[in-house]
Amino acid sequence: MKIYNTLTRQKEEFVPVKAGEVGIYACGPTVYNLVHLGNARALCVFDVMRKFLKYMDYKVKFVQNFTDVDDRIIRLANEKGVTPLEYSESMIAEYFTDARGLNVLDADVHPKVTENIDSIIAIVQTLLDKGFAYESKGDIYFSAEKFEKYGKLSRNTLDDLKEGASERLNAQDTEEAKKQSPLDFALWKASKPEEGCCWDAIFDGKTCPGRPGWHIECSAMSREFIGDTIDIHGGGADLIFPHHENEIAQSEAATGCTLANFWVHNGMLNVDNAKMSKSKNNFFLVRQAAEKYGYEPLRFMLLSAHYRSQMNYTADVLESAAKSIERLRNCRSACDSAQTVGGKLSDSAKEIVTNRRNQFVKAMQDDFNTADAISALFELVRDINTAILQDGVSDKDVNEYKKLFDEINDVLGLIYEKADDIPAEVTELVEKRTLAKKAKDYALADSIRDEVLALGYVIEETRQGVNVKKKV
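Residue numbering for the sequence shown follows the working numbering, beginning at 156 and increasing consecutively.
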């Protein structure tokens with residue numbers, strides 16, 4: 156299996172630190188708002204990676220953190236008259252509503268910053284002891300220029316970074332910010348009276364009440380729950396710099412070990428060909444889109460392109476995704492209702508199942524190519540639809556088709572919402588309509604169809620039979 160490594164800018168053969176086991180750390184949300192579509196893409200991408208690795212018999216430990224304290228959380232909590240932790244807990248509950256709606260499995264561990272302060276303080280002290288960090292008026296900063304390989308992930312040189320920083324930050328600003336260099340970043344922020352959220356840390360014997368900087372949190376939690384070296388670390392491409400760059404610097408300076416062997420980043424999401432942003436009024440929350448289209452089409456859309464590619468969100472794309480989901484659901488339902496006979500597994504079914512399984516695995520082993528994996532699933536759908544229309548299809552053939560369909564779908568997680576139970580009244584009407592059509596009483600059949608529609612349900616004619624679903 157090959158995975159594209161952002162660090163080396165090429166696909167590399169995946170070899171885990173420990174044979175048969177994989178540790179994944181995916182940067183989770185800062186819980187100040189509901190999940191937006193950009194967040195959702197990363198959630199779905201890493202969920203599929205995790206599920207496929209399990210499908211390939213790896214023992215996977217998946218860790219995704221919650222940043223449950225930061226400037227925005229504190230500000231919004233103060234505005235609402237609650238504590239920062241009360242506010243962040245309410246938003247974590249909202250996160251799970253959307254993540255589970257998108258069929259994203261809970262992580263094996265969801266560490267929170269506020270529950271890992273001791274680990275964070277310990278790694279900051281290590282950086283102070285090793286001379287990579289310094290204290291300034293209660294703040295602790297990492298000295299970026301002391302880490303020789305700073306910029307290796309983002310391909311930024313120290314000279315380029317210093318030039319860019321100097322344009323944003325002059326000498327006076329640097330002094331006011333208490334930094335020795337504009338490149339330095341906070342490991343620990345001194346508390347402010349209005350924040351109401353701090354911990355009493357002791358660094359070099361001096362009490363420094365405050366809270367962690369953003370980057371150090373992930374360094375501490377990934378080490379605590381996976382170890383010094385992670386097999387796969389990632390998130391959205393927007394995290395490459397500065398977040399992941401700074402994680403590498405502080406982690407590797409503290410431990411002397413490689414932080415991650417593979418850095419994996421998903422591409423950004425555009426809305427109607429423009430970068431999603433609040434200022435452009437094209438900032439969409441998952442909750443908003445799901446209320447209109449449902450969660451399944453959202454997940455389908457987010458996985459329909461290769462994870463590293465840029466994706467464009469439009470209403471047309473989501474409507475197309477909804478139709479694709481319906482096609483998958485119809486195929487799976489048709490398997491359950493197929494008219495079968497006894498008999499052995501046919502050679503043609505064996506060939507179809509073997510070819511489509513290999514096609515799916517090959518796609519996913521090539522840097523988790525979900526676009527090609529979905530294509531393999533739809534080719535299987537075409538094969539199934541053709542096969543079950545034949546007279547005398549064996550139950551063993553259909554069972555093998557269903558088994559493979561479910562295998563692939565379990566990894567991709569595309570159809571998972573339970574269909575609404577059809578009321579007995581509607582079911583009886585549909586059966587009467589079927590009899591009316593057989594008797595060629597089309598006027599009665601049309602009348603019954605209208606009755607069903609009035610009850611809020613739609614009758615769909617397919618090649619495999621009649622489907623009934625709730626009217627949208």
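If you're looking for bench data, these hints aren't it; they were derived computationally from the structure. As the structure is a computational prediction, the values presented were derived from the model and not from experiment. Among the hints, erroneous ones may be present.
Stated by the list, open to error - Keeping only pairs whose Cα atoms sit at most 27 Å apart, straight-line, the calculated DSS-like set for lysine-lysine is:
1) K361 - K301
2) K216 - K157
3) K317 - K344
Claimed, not checked - Across the chosen pairs, the derived CB separations fall in these ranges:
4) K430 - K551: 28 to 38 Å
5) A248 - Q520: 31 to 41 Å
6) N188 - G611: 17 to 27 Å
7) E300 - F533: 19 to 29 Å
Virtual Cβ for every residue (Gly too), placed ideally from N, Cα, C.
Problem set entry | Which numbered hints fail | 4, 6 and 7
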